[in-house]
Every structure is written in C-alpha cells, then in structure tokens.
Amino acid sequence: MKDLKHIHYFTALLEDANNELVRAAKKDGGIAVGYTCYYIPEALLNVGNAFSVRLRAPKTGSLDISQYYMGSMNCSYVRALLERAFEGGYHFLDAFFSSETCQQMNRLVENIYELKLIDNGTFYHSIIDAPLKISPHGIKHYTNQIRTHFLEPLRDQFGIDISETALRNAVAEHNRMCAIFEEISELRKADNPGITATEFHILNLVSYSCPTGLILPYLEETLVELKKRKLDPKIPYRARVVVVGSEMDDYGFTELIEYCGAYVVADRYCFGSMPGRQQIPINDDEDIVEVVCRFYLETNQCPRFMSQEKVQERRDVVKALYDEYNADGIIYEQMKFCDYWGYERAVASFVLHEEMGIPTVALDREYTVQASGQLRTRVQAFVESLEIKKIQKAKNQNEGEKK
Amino acid sequence: MTVTSNNLKDNAKLFGDIFTEAIKLELANYDHKTILMDLKKKFEPGKLTPLLTGQVSIKAAVNQYLTGNGLQDTIEDKTGIYKHREWRGPVDTLYDYVKWLELWGILGKWLLKHPVTNVSALLRYRWMAAYLTTPSFFDHNVPGFRGTMLRAGRMNLNTIAKLLTANMEDIFSADLNINPENENAKKYICIDAYMPKLITAGFSEHQGILAHLVPHYLPSIINHHLPEHYLDVTESYGVPADVCGLPSMESGVAIEDDFPKIGCCYISTNMPCDGSIMSSSILDRRFQLPTYVLNTPMRHTREDTQEYAIEELKECIKFMEKHTGETYDYNLLREACERWNEQNALRLEKWEMNATDTPPHYGASNWMYRIFTYQDACGSQVAIKNDRKVNKVMRKSLGKLRKYPQQTRHRAVVWNTVANMYSALDEWLLNCWGIEAVFEFIEHQGHRPIDTATVDSMLAGVAKVIQEATMRVHSKGGYNAYTDDLWLLVEQYDCDMIVMFDQISCKGPAAITGLLEEEARRRGIKMVWLKQDLVDARTISRRDMRDQINKYMEAVMNETPLDPTLRDFDDGESW
Numbered sequence: 001m002k003d004l005k006h007i008h009y010f011t012a013l014l015e016d017a018n019n020e021l022v023r024a025a026k027k028d029g030g031i032a033v034g035y036t037c038y039y040i041p042e043a044l045l046n047v048g049n050a051f052s053v054r055l056r057a058p059k060t061g062s063l064d065i066s067q068y069y070m071g072s073m074n075c076s077y078v079r080a081l082l083e084r085a086f087e088g089g090y091h092f093l094d095a096f097f098s099s100e101t102c103q104q105m106n107r108l109v110e111n112i113y114e115l116k117l118i119d120n121g122t123f124y125h126s127i128i129d130a131p132l133k134i135s136p137h138g139i140k141h142y143t144n145q146i147r148t149h150f151l152e153p154l155r156d157q158f159g160i161d162i163s164e165t166a167l168r169n170a171v172a173e174h175n176r177m178c179a180i181f182e183e184i185s186e187l188r189k190a191d192n193p194g195i196t197a198t199e200f201h202i203l204n205l206v207s208y209s210c211p212t213g214l215i216l217p218y219l220e221e222t223l224v225e226l227k228k229r230k231l232d233p234k235i236p237y238r239a240r241v242v243v244v245g246s247e248m249d250d251y252g253f254t255e256l257i258e259y260c261g262a263y264v265v266a267d268r269y270c271f272g273s274m275p276g277r278q279q280i281p282i283n284d285d286e287d288i289v290e291v292v293c294r295f296y297l298e299t300n301q302c303p304r305f306m307s308q309e310k311v312q313e314r315r316d317v318v319k320a321l322y323d324e325y326n327a328d329g330i331i332y333e334q335m336k337f338c339d340y341w342g343y344e345r346a347v348a349s350f351v352l353h354e355e356m357g358i359p360t361v362a363l364d365r366e367y368t369v370q371a372s373g374q375l376r377t378r379v380q381a382f383v384e385s386l387e388i389k390k391i392q393k394a395k396n397q398n399e400g401e402k403k
Numbered sequence: 001m002t003v004t005s006n007n008l009k010d011n012a013k014l015f016g017d018i019f020t021e022a023i024k025l026e027l028a029n030y031d032h033k034t035i036l037m038d039l040k041k042k043f044e045p046g047k048l049t050p051l052l053t054g055q056v057s058i059k060a061a062v063n064q065y066l067t068g069n070g071l072q073d074t075i076e077d078k079t080g081i082y083k084h085r086e087w088r089g090p091v092d093t094l095y096d097y098v099k100w101l102e103l104w105g106i107l108g109k110w111l112l113k114h115p116v117t118n119v120s121a122l123l124r125y126r127w128m129a130a131y132l133t134t135p136s137f138f139d140h141n142v143p144g145f146r147g148t149m150l151r152a153g154r155m156n157l158n159t160i161a162k163l164l165t166a167n168m169e170d171i172f173s174a175d176l177n178i179n180p181e182n183e184n185a186k187k188y189i190c191i192d193a194y195m196p197k198l199i200t201a202g203f204s205e206h207q208g209i210l211a212h213l214v215p216h217y218l219p220s221i222i223n224h225h226l227p228e229h230y231l232d233v234t235e236s237y238g239v240p241a242d243v244c245g246l247p248s249m250e251s252g253v254a255i256e257d258d259f260p261k262i263g264c265c266y267i268s269t270n271m272p273c274d275g276s277i278m279s280s281s282i283l284d285r286r287f288q289l290p291t292y293v294l295n296t297p298m299r300h301t302r303e304d305t306q307e308y309a310i311e312e313l314k315e316c317i318k319f320m321e322k323h324t325g326e327t328y329d330y331n332l333l334r335e336a337c338e339r340w341n342e343q344n345a346l347r348l349e350k351w352e353m354n355a356t357d358t359p360p361h362y363g364a365s366n367w368m369y370r371i372f373t374y375q376d377a378c379g380s381q382v383a384i385k386n387d388r389k390v391n392k393v394m395r396k397s398l399g400k401l402r403k404y405p406q407q408t409r410h411r412a413v414v415w416n417t418v419a420n421m422y423s424a425l426d427e428w429l430l431n432c433w434g435i436e437a438v439f440e441f442i443e444h445q446g447h448r449p450i451d452t453a454t455v456d457s458m459l460a461g462v463a464k465v466i467q468e469a470t471m472r473v474h475s476k477g478g479y480n481a482y483t484d485d486l487w488l489l490v491e492q493y494d495c496d497m498i499v500m501f502d503q504i505s506c507k508g509p510a511a512i513t514g515l516l517e518e519e520a521r522r523r524g525i526k527m528v529w530l531k532q533d534l535v536d537a538r539t540i541s542r543r544d545m546r547d548q549i550n551k552y553m554e555a556v557m558n559e560t561p562l563d564p565t566l567r568d569f570d571d572g573e574s575w
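For the record, the sequence lines run as chains A and B.
Taken in order, the first sequence gives residues 1 to 403; the numbers are from our numbering.
Taken in order, the second sequence gives residues 1 to 575; the numbers are from our numbering.
It is worth saying that the hints were derived from the structure and are not from the lab.
Hints should not be assumed to be uniformly reliable.
Unchecked claim - Below, computed lysine-lysine pairings styled on DSSO-like, alpha-carbon distance capped at 30 Å: (1) B/Lys464 x A/Lys310; (2) A/Lys133 x B/Lys464; (3) A/Lys27 x A/Lys5; (4) B/Lys322 x A/Lys140; (5) A/Lys116 x B/Lys531; (6) B/Lys186 x A/Lys133; (7) A/Lys116 x A/Lys26; (8) B/Lys318 x A/Lys140.
Isolated chain B, as found in the complex (with noise of 0.2 Å):
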C-alpha cells in the first residue's frame, strides 16, 4: 500500500495555525488595536448608561467587558479559534495561566528532548498533525471553568499531556518506520487499545504499548476533522459506510500504514464491539507481528464464563513469554495490581463526591482523564499522583459554595458511547442550559478491587478489569448490562434527566431503543435523544448535535439558555 501520509504541506500549515493562535493568545491582553476596537464595540455610550444609572454594577460592568456577553465572545466564529484567554476572575485566570504555561512547559521539553524524533513523526504520520492543537483543545474542555472544577479539570488535563509525551517518546524511540534500524522496536508489545495495560505488568525488560491509542484514537478526539480521511480509506477499501467510525477509522489508519511499526508481539481483542473485532482482522494483517487474540467473554457478567476469561489470560501470559524471552514476575503484577486497586479507591471517592449537591469533578477533563487511565496508564505513579492532588482539592470544596457552576437546572447522565468528535458537549450542556451532566457513561468502567492475595485471585481480578474495560463493560453482556447501571446512577445521581447518545452506527444500543425508551417513559425520566456518529462530523456535525438539544429544551422543557451566545454558533471549521 503506498504511503500517502508524509504531508508536509498540510502539517506546516497547521503547524503555522498553532504558532499563530499561540502567540495572539500570548499577545492579546498586550494587542492594542484588539483592546482598542473591544473598548469601542463594548463601551457604546448606550452600554454605559446602566452603570451610571446604578442598574449595573461596576464589577458586572468590567466582566462584561473583560469575557463579552457569553462564553461564545471570547471565540472566533467558524475556527473556534479563542480572541484571547477566557476572564475568570483574577485568582482564576492566573491558575489558568500558569497550567497553561505548564503545558507548553511539558510539549516544549517533550519535543526538545528528541527533536529529529518528534519532526519525522510529523512528517511521517498525519494524524501527529493533531496533536499540534493540544493547548487549544485543552482550553476548549475547561470554558468557564471556575474553583474546584478548574483546578481539577487542568491537572487532569496535564496529566494526560505528561502521559502522553511519555508514551509517544516510548513509541517513536522504537518505530521502525522512522528508524529502520531500531533495536527498540523488540522492547515492547503492542496491545489493542480497549484492553487495558494492566495485563503487562509482569515484564520489566518489556513495556506494554496500546497500539491505537496514540494514533487514532486521541487524534480523533482532538481534531474532529481528522478522523474523516481515514474513514474515506476504509470506505474505499469495500467496507460499509454504516460500521461504527472507531474501527473503521483504526481501519484506515492500517490501511495507509499509519501505525508505527513496533512490538514483539501483538495482543489482539474482541472488545469492544462487533466492528472492533471485524477491524482486528485489517490490522493484523498489517501489524505483521505473531498475534494472540485475547478472547474475553461476552457474557462477561455471569460468573460461569469467568473460568474461561482466567484461562484466556493464562494463555496470554504464556504467549508473551514466548515472544519477549522474558519471564513473567507475578510480583511485578501484584506491585501493579495494588496501585491500580489505590486508583480505584481514589476514582470510586470522586464518583461519591459526583454523587452530592454540588459535583466538583466535570466533562471531558474527567472523562478523558479516566479512560486514558484505565487503558493507559493503570497503576502509573505519574496519575496515582494527579489522582491524590485532585481528590484532596475536591475534598476540601465539599459543602462550600461552588464558585461554578453558578446556576444549574437539570442533573444528568449521559448515557451510551461519547461523542469524540464532539468532546466538550458536556461544557456545552453545562454552560448553554445548565445540565449538569454528573456521570458519564464512558467513565463507568470496572471498579471492583483485585484481590491480590493469591496469583490466581490476581488473575481473576485482572481478566474482570479486562471485560469491564472502556465501553466493553456495557457493550457487550446483554440488554441489563447496558441499562441497569444507567437507571441505578440516575437514582444514586438524582438526576431528573438522560441524555442519550444515539450512536447511528452503534447497533447494540439501537437495538433496545424501545426497550429503553418505554422504561424511561415508565420511570418518569426526561430522556433526550442525541444523535451523533462518532467519529464523522459530515454526517451529523457539532452544530447539529447542539440543535438537538435546543430544540428539546426549547419545546420540551419550555426553557431558555442560561447563555444566548452559545445557543447557536458554527464551529465547522475547528479542529
């Protein structure tokens, strides 16, 4: 297959874009035609008169001016592009700032530490493109963030962004494609990415790598148009249009030989879904490695299949024995085991926290956060960290009143696959409408403790933190699987409203469309459906999937947005 992503024109645009959008952000409270034009636009005598008259006050007045009218102000229409750092108040904002800082702290040493490294990936791969926009993403995930949630929301996110840069210094240290001589390639075992890396943990001369991880599925969140090239390969491959965008998109990755070459040997799943165990076959062919599939039970919630899950495991060790020359340390695992089981403790703590008055911990910082640590970076020290900061900042704002959100209307889960392309609805929801959404469906995964006293309980801890892993959990065990938790978090959440993806290639969950529809109806529960694919923004954009909810809080609820300029806004052309 010839390579057709080494794309320099594109990625030096981008690459410009990011510079660009770096340095007004840098500049824009110095910029003085900016400052100029604002205070001519904001301060028409019209607008004055309030604050002479009393009606407003001065502080309302300068936060007026300081953020606009709403959060959208602070935003280029179209590029989504920010005019300058979003005003939270001054304790706010400096925290913002300096997290900010630090991010460009972690990409700069990231990048400096292997600079010929990191530029041929650039080169090399079209979905690096992506990760150019970190910052701006970033931003994009904390809007209006204030107090708890903000400090929790950026020290999630730049945990990820350390993670990350490790993970991407591990895979292109190794990558054969950039350099063919690597000695390292051998160093590590590539893993599908919906099983978590736990299973590794054993080795000490050799590391897990989540194979599609860093080459699709992040991307894929960071940039909403990137996904679609991909999925015009695998279209024109033969493959359906109507399969769901993850694996399909993973599929076209393989299919332009966009995965870096490394590993010893790959671990392959059937998680999480049909489309994912039918794109397996694409990258096996492609990856070219002695392949093991790890077959974990669908019925993974009975306890009958659990014997055949440990077994399934046992084999698995056995096979990356076979092809590392390494030992596997049952102690090295029990060590990882028992940090994973602190990471545990600490993420059922956050839940409980969720479960109050006043939620500290929201949307895609949180969720984000957690699926990369289940998958990733389970039993890390780096997030084991994060996780103790956080809990103890959220810990110390229970019971205090929240500096935001201000105002809130609903509580919410949001219930079935989120949307990557659209990773900051839930900011959106919260801001426009003040639905609070407390729980995310795609951070519900596996929670139980592994009992770590004997190998064998070890293992069966381990093969049930397999079968729960990210969206597997629900996807897969029958209809209860999928609905019982949704109606016990309403109920554990209080929440008076669902906000239900409908994932329009996601054929497991639209199967019991009635089924769900009638017991919500039976229940008394507000249910909006939300339409949305995934990873293909053509289909169903951004701007349609706020128009869905527009239209249902508008005629449904009888309600206006909380704030008028998020109401309707075009970001087609944002990443």
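With the rest of the complex left out, here is chain A (with noise of 0.2 Å):
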C-alpha cells in the first residue's frame, strides 16, 4: 500500500514529547498538561485553553540517573520518564496529574517534584486517590478527587474556565477524535485491513501525545485518506493476534509483530486504544464531571481492579476482542518489573490457554523493544505455531468434507 500522506511527520512528532504541535499549543498560550494513566481522564484535561500530553520518553538511553534514584527494580518506562526529566525534557508542562494506582507512577512524579525537575516557576502537581472497584460511593470518590484535584486547580491556577459548557465542549472534541478511530479501528476487522498494524500505532500515539485540537485536522484528512486508499492484492500477514498487556508506546513493538508475520487487529493495553479511544456516551441531565468519570472507571482495564467480577470481565473483554476481530491468537505482554501486568499476564494467560482454548503467549519486555532479539524470536515462534494450527485445521477440515 502506499504510504499515509502524514505517516511520517506522525513519526516525526513522535520523536519527542515537546513536538512541535505540543510547541505550537503552548507558544498561543495554551497550558500543558502531563499524565501517564488511564485513571486520568484525559477527555476532561483538554479543557478550555489546557491540552493533555501522555508522557513518553523517544530514543531513551541510559537510565543510570534514573537508576540511582529508583532503584533498578522498577519499571523502565517510570525510569525513562525521570531520565528524560533530568535531561530537561519535560520543561514545556506546566502541571503533571497522577494516581496513586500503581506505585512506580506514582514515585515517578514525586520524584519530579521533589527533585525539582520541572524548570517551570507555575509547575503544579497533583495525585489523586483512585478507588480499584466500582461503586456509587467509589464514582463519587473519585469524581470528587477529578474535580478538586485536577480541574479546580486548573482554574485556580492557570485561569481556565472549566465551566460545564467548557467541559462538554472537551468532551464533545474528544469524541470526535474517538469517533474516527472507531472507524479507523473497523478496518483492522478485514481480512486484508486497509490500514498496517504499526500505522494505526503512530496513528494512536500522536492523538496521545500531540493537543487533540491541533491533531484532528490531520486524523480527520487521514481517515478520508484511508478510506480511498487501494490496498494490496496479497494478504500482508500469516497470523492475527489481540495484544493485551501492559505501557506500551513505542511503535516499534508492532512493527517488530509485524516483521514476524503478525497482525495486530486489537490493541488492549496501556497507552492502546482500548479502552481509551471511543467515544463517551453523554447526556443532558447529568454532570458532565460524573459522566465522563464513570465511564473512565467502568470501561478500566486495569488489572489493579481486584473484585472477582471486573478479574473476569478482563477476560470477557479480550475474548470479545479475539472473536470481534477475528484474531488466531493473543499476546499478553508485560514490562519488566510491573507487579500489577506480572501477575496478571500468568493467570490470564493460563486462563485464557488452559480454560478457554485460546492460543496465548505471554512475552515480558522493556520500555523500549526494537533491539530485543528474544522478543522477536519468541514473537516469531508464536506466529509460527499459530500458523500450524491454521494449516492443521483447514487440512482437518478438507478431510472431512472429503469424508
């Protein structure tokens, strides 16, 4: 297929954090927002002239600084992040929201704060208690700590209106950049998608990464691109696979599934479009806060939500996504020393293999993957057998339609 029109200067903003989108944003006054969470509700961060950043750290390096400060136990992704910070690379954030959800974030902005990492005089930073199950009181907890944490210092601090008008216009822009995704997301289900796995990737990490009003021209005209687009006579991949799991955002992963023969139809983990790219339903009557918290909470995919019926529904939902997408298999993957991805990687990929039947494997990984060979090998391995399976099934088949 021909190559996207804006693939490359979507690579090109993701080269750094401080993109020259996000440079555009804050040069005509805008207020830089950091986060690394879905607990974080990004649709709200966007509000009046305040635009969201989901942290990442491009061409990470050494993390001996880091190191020092965190250990060598945590995950790399925190420890690339407070690398970068000491390096300089998150000067443009005027505010950083967190969650006390998983330690390691956690550590990392009070690390930042502490440190003094943050050469901006009106940095502010804030954490907020975030409930791991879901129940009236836990929406109401956690709306309350949306609203006084984050969107009231907003206003207090930057003078951002943060009106309900203000905020449904949030929303409102957010869902449409939501709804082109689904659209975009509808062509992985072809059999010969009109969109590569590794595109839809950096398609997924600009929106991310870049202010949604400045990025949604340039989704919009590629969705209208993908649309026309003519696609290749052959099949481009051997295998189809959901990946599940944990941080995610270095495109590279995909493209090394890709090289290996794979496709990937469905991406459920952090920093992936599912959850984190459809749209949130509204009404009318409700507060808008509450609304759109609720949705955060419930379509959560946290594997730090520990009550029987969410651990379940964790299931429910990959296996949705393995019939929904017409998948062969499924990558659980895990960044190295995340305990809430450890865990949960060695159940549901037991769960998903031994009582569901669904060929799975499950790979652990650094921050950053191009150069991992292993990965690749055991990707490639992965493939392999997945195809043996199709081959031995349509051969089964063939038999015994000849019967």
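Starting from two chains that each stand alone, build the complex the way the hints lay out.
Given below as structure tokens:
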C-alpha cells in the first residue's frame, strides 16, 4: 500500500515529547498537562486552553541517573521518564496529574516534584486517590478527586474555564477524535485491512501525545485517505493477534510483530486504543464530570481492579476482541517489574489458554523493544505455531469434507 | 490442582529433629560426655593461667565456661541448633527455663486437646511443619537477653503462642480440608491478613479468621527455608520472580491448595501493596467464597479520602451481615474498640519507655507481638493482660541500671519491611555490634484512639485503624507517609543511625532511594542500606545480610565487633 500522507509527519511528532504541535499550542498560550495513566480522564484535561500530553520518553538511552533515584527494580517506563526529566525534556509542562494507582508512576511524579526537575515557576502537580472497584460511592469519590485535584486547580492556578459548557466542549472534541478511531479500528476487522498495525499504532500515539485540537485535522484527513486507500492484492500477514498488557508507547513493538508476520487487530494495552479511543456517551441531564468519570472507571481495564467480576470482565473483554476481530491468538505483554501485569499476565494467559482454549503467549519486555532479538524470536515462534494450527485446522476440515 | 503438600516423610523427619533437639536441650546440662568434652576444650592449662594470676575473676572464668567466648559458641554451626541452653546467670536462666517449659505446656495442651485433628493438619499442610520448631524459634529471638528485656520478650512470645494455638484450634476445627463434613466452617469470616480483625468484632456468633496469618505469614518467619517451595510454585505458574516474595508465597500456598478451606465469605483488600493486590486474585480463585473487596484509600493521610473509607466499611459490614445471616452489633464493636484503645494506650507507653536512655523492649519478640496484636488479637483480653504485665515490669526497670545490654554503641531506627527470613536480626545487631534497634518500621502502625462516642465516629476510627495497618501505613499515601515518621522517630528516639532495609522486590521504597539518601546525608545521619529478599534466603542469605553490616561497621564506622563469635557464622541450614 502507498504510504499515508502524514505518516512521516506523525513519526516525526513522536520523536520528542515536546513536539511541534505541543510547542505550537504552548505558543498560543496553552497549558500543557502531563499524565501517564488511564485513570486520568484525558477528555476533561483538554478543557479551555489546557491540553493533555500523555508522557513518553522517545529515544531512551542510558537510565543511570534514574536508576540511582529509583533503583533498578522499577519498570523502565518510569525510569525512562525520570531520566528524560533530568535531561530537561519536560520543562514545557505546566502541570503533571497522576494517581496513586501503581506505586511506580506515583513515585515518578513525586521524584520529579521533590527534585524540582521541571524548570517552570508555575509548575503544579497533584496525585489523586483512585478506587480499584466500581461502586456508587466509589464513582462519587473518584469524581470528587478529579474535580478537586485536577479541574479546580486548573481554574485556580491557570485561570482555565472549567464551566459545564467548557467541559462539554472538551468532551465533544474528544468524542470527535474517538469517532475517527472507531472508524479506523473497523478497518482492522477486514481480512485484508486498509491500514497496517504499525500505522494504527502511530496514529494512536500521536493522538495521545499532541494537543487534541491540533492533531484532529490531520486525523480527519487521514481517515478520508484510508477510506479511499487502494489495497495490496495479497494479504500481508500470516496470523492475526490481539495484544494485551502493560504500558506500550513504542510502535517499534508493533513493527516487530508485523515483521514476524502477525497483524495486530486489537491493542488492549495501556496507551492503546482499547480502552481510550471510544466515544463517551453523554446526556444533557447529568453532571458532565460525573458522566466522564464513571465512563473512565467502568471501562478501565487495569489489573488493579481486583474484584472477581472485574477480573472476569477483563478476560471477557479480551475474548470478545479475539472473536470480534477474528484473531488467531493473543499476546500478553508485560513490562518488566510491573507487579500488576506480572500477575495478570500469568493468570490470564493461563486461563485463556487452558480454560478458554485460545492460543496465548506471555512475554515480558523493556520500555524500548525494537532491538530485542529475544522478543523477536518468541513472537516468531508464536506466529509459526498459530500458522501451523491454521494449516492443521484447514487440513482437518478438508478431510472432513471429503469423508 | 494436585495437592502435593501431604509430605509425610519430610514432616516426620522434621518432627524427629525437633524432638531430638528438645531432648538435647533438656539433657544438655546432664550429658556427661558433652561436659567432659567441654571441660577438656575449655580448661586448657593455658586458659587457667589468667585465672591463677588473678587477671580474670572466678566469676568471669565460670561465665566463660558456661557461655563460651561468645553467644555463637552455644550454637551448632550451620543448623543453628543450641548445644545447650544459654547461661544468663542463675535468676535469668531459671526464668528463661520456666518460660521455656511454659511454652511446651502451651503447645502440649493444644496438641493433646485435639490430637487427631492436629496430626491430620500436620500431614495435610506443608507449612504446619514449621510450627514444630516454635520452641527453638523463640529461643533464637531472645539471645543474650537478661532482666527486663528477657521478661518482656518471653512474656510476649508465650502470649503469641497462646493466641496462635487458639487460632489454630479454631481454624482446624472448621477446616473442610481436614473434615469435609465440617459444620463449623460457616461460623468464620475469612479476612485478608493485612486487615485488622477488629471489623468482625460486631458479630457474636461469627468470628473473623485472618486467612494468611497461620498458613503463610508466620511460617515464613519461623522457618526461613519454608517459603522457597511456595515461591517456586508461583514462579512455575508464570508469575515473575521480581514481585514481592510475600504475596508470591501466599499465591504459592493458594496454588498448592494449602490454605485451610474455611469461612462463609471472604473479605479481601488492596493492602498493603501492589503485589498483594494482585495475589488476591489468585486467592479468590482458590477460596471460591463470596468475596468483598474492601477498598481502602491509597492516599490515606488525606482527609478527603475518609468519607470513601467509611462508606467502604459500611458496605463491608452489610456484606458480612448478608453472608453470616447475623446482624452486626455496634455495642460489641464498641466494647472491642474500647479494649483496642486500652491496648493502644499501653503500646504508646511502651514507645515512650523505649525513647528513654534505657529502652526495655526489644527486637523480634516485640515487633512480632505488635503485628500479631494489631492485626489478629486487636482487643483480645489475653493480649491486654500481657500488655499490662509487660508494661508493669518495664516501668519498674526505668531509670535503673540495665542488666542487658551492658554495652551499646549506637541507637538505630530500622526502617522498611522487616526480613521475615531473618527475624532475629535486631538481636544480632545488638549482640554483635552494639547497634540498639530502638524502633522498628514494622511496629509503627496506626496509634490513634478510636472515638467510641457514636457509631459514625467509631466507624471513622476503625476505618483509620484499617488504613494504617501493618506496612500499609507507610507503603501507601505518598512519599511523605514513608519518610516523615522516619525522620521524626530518629529525633524522638535520639538515634544516630538508620538501618535501612533494601527489600529488593519492594518497588515503592526503592523508587525513593535517591531522595532518602540525600535527606539522610543532609541531616547527617549514618544510614546503612541492608539488602534482603523478604522471604527468600536463596537470593540474599542471612549470612549475606550480616556481611553487609560487617562491612559497613568495619569500613565506614571503623569499629570491631563486641562479640567476635557473632561476626561471621554459617546458619544456612537452620530453620
């Protein structure tokens, strides 16, 4: 297929957290709000002239300094972010919103604040208490936390309009972006999809890393282009996989999977589009903050939701994606030293494989994966096993028909 | 899952070892061969010279015969088995011996009360074997102790034994694994061990049981090799080896089906840490009980989270009422809270006494008791009675010359999660290097009295007790929740040193390593990092831990050990 018009621009945007569009928004008086987790409702952060940037640390190299401050047994995502903060990569941030959901991300923002790594006199940070189950009083608590720790400080510290109208406008803009992704995601269901998995990953990443209002026109144009795109006659993969797991903002991982002959039909990982790029159903009757918070809490797929119904729901969500997107297998990936996904990967891959009969492989990885030969070998082996299963299945079907 | 823990052979061998050790200890002073060998070894002509020339007093010479050159001389290399009971002077030796007999009495009474059930439990559960070593384990937690410290330590330990055996009696009497037709099973409410049992105090016909305490938490402290099997089980299941050993071990116990099958429902919780949250999902799968996840706020130090904490507690009570069929009685809760308040006041008095120049309360016998009573025996009459007695003894000793320790060099706060696989570390620090660990991280749980004036104020207090449970009070709530108490305690207890555990799989504290180090440097406090792997002695052994301290004390502090026999020894094969 022909390259997408903006794909090289998008990859250039991913080269730096403080990318061209972030700089443009800042120049226009925008307030940059950094965050790292789905618990922070992105849709509400893009209110008024505030804009959200889900933090990444592109081109990560040595983690020596962050290792001194955070030890070597914390995940390389947070260490990479801290290292980048030491290098001065996040001076553009006006605020950093976090939640004490995983201890490591919590400690990241604490280190950044305590060590005064953001050279910005008005820098503000806040950490919320987020429930790990869904209940009416839990939703109320979460909503209060978002309101008092994020929205009100945006108003009080930076003069941002957080009125109901302004918030509804922000959610509407967020929904416009999600609608684009819902359409693009549909393409992945086709046998011969009109978008590569890596392209999808790149589009998804820029939507998180750039101001929504500025990236939206590019995404709209890309959708139009995708709809008209001429497909290659030959199906470009040997197996279809759902990827599930922990934080992943390196499209090199998807590239690696594609290189091994698999097509990622669904991205159910932190920083992926599922959840994250689905429209938020709103109504005129309820308070918009509460509606949005309830949506984020209910759709959250973090393994820290420990009640059995949520544990089961996570399996069901993955199984539904596997069925809906006609996948052949599931890759459970976990960033090393992530406690949540360490357990989830082990238990879920066991349940899905042994109890649900779905081919599943469990992988662990570092923050940046492109150079990992070991990972490549394991994905290759999994793809081959899926391929063999498909061949055997077809053979059995043929023999059955002959009989 | 196949049950693999009916390890009759292993347990029988261990039982034999215990029995032999008990006999040895009992007869040690009467074993003529040993005495003759000791005499030959100790009374070499050369050794008599200082005595004859008056360089050494007769008292010191007798003492030297009875205790050797140092504490480690009374213990066998590798196995850690006592060659004979430690000589502490006539009064203290007698006291120690009586308390040791009392312990055997507690254990014997428990064993003989339900012999078939207890033997069945021993054969059914791998971890049960660890409890056979309890007398030896207790001995190892009061080495060198004399006077008040010995009395406080022994009283605490024997009270733990009393409470523990009562706990076991309840568990085994209701365990469906031992008796599948058991009608008692439904009389209990299983609770996550990191949550104080106080929440079930409102029931008169149902009792709370801390699900993890007996099967995995205490065994991991008593026998430092026991967790290895369960850790391997969890890792074979696919859980990474870098997660915290404690939840990993409890997952292993669950995967092996080695948790007693008991209870009408299960109260799970998100405490104390991320690893523990996740192991709960493995436990849930195994318990197959109606489960309520009691979600305690992470930012527990903030007022704006308390309403949620109280709501969660109320919902939890409703859930328990539903599954027990019993109405929660707030008068019963009030009585329990008042007892808790008394217990708490006695604990605060202990802390005050430990802040003096002659701290009377020390080490594992103190912090284990504190954990046990905060989590399990909160509001227990047996515990309160012991607290009163211990405090009385300690009060009397204040301002007087201490019999033990005679010499100390440093006062230290020991911070971060204690190493289960080396419970007697504080004792070693004191006896070998004169580092007096006057305060332990693990005993610093919630300590605010509960306001029992109204149901609401009481629930607010109980919710706080839960949020400030063992480890959790510092592991969550932000960086300051972990560090503020540390710096405060260093000042309050006039410490010149911090022994900082670097529990290698504990991510939260590891992630503020640099901040801690810089702050300690700024305050001019000596801080020694001590790497440990909580329950896995294969990664970092007790000897490795001692080695780290030795190196620091010699290279940085330029000191020599008070008791050179303790500097380096092999206890790798001990329990």
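Are the Cα atoms of A/Lys116 and A/Lys26 separated by 30 Å or less? 21 Å, holds
Satisfaction of hint between A/Lys140 and B/Lys318, Cα-Cα up to 30 Å: Status holds; Cα separation ~19 Å.
Between the alpha carbons of B/Lys186 and A/Lys133, is the straight-line distance 30 Å or under? 26 Å, holds
A/Lys27 paired with A/Lys5 [C-alpha distance capped at 30 Å]: Cα-Cα ~26 Å, so holds.
CA of B/Lys464 to CA of A/Lys310, is that 30 Å or under? At roughly 26 Å apart (the allowed maximum being 30 Å), A/Lys310 and B/Lys464 satisfy the hint.
Between A/Lys116 and B/Lys531, is the straight-line Cα distance small enough, at 30 Å or below? Satisfied, since the Cα-Cα distance of roughly 29 Å is no more than 30 Å.
Holds or violated: A/Lys133 with B/Lys464, Cα cutoff 30 Å? 20 Å, holds
Check whether the Cα positions of B/Lys322 and A/Lys140 lie no farther apart than 30 Å. 24 Å, holds
Every hint from the earlier list agrees with this structure, and none is contradicted.
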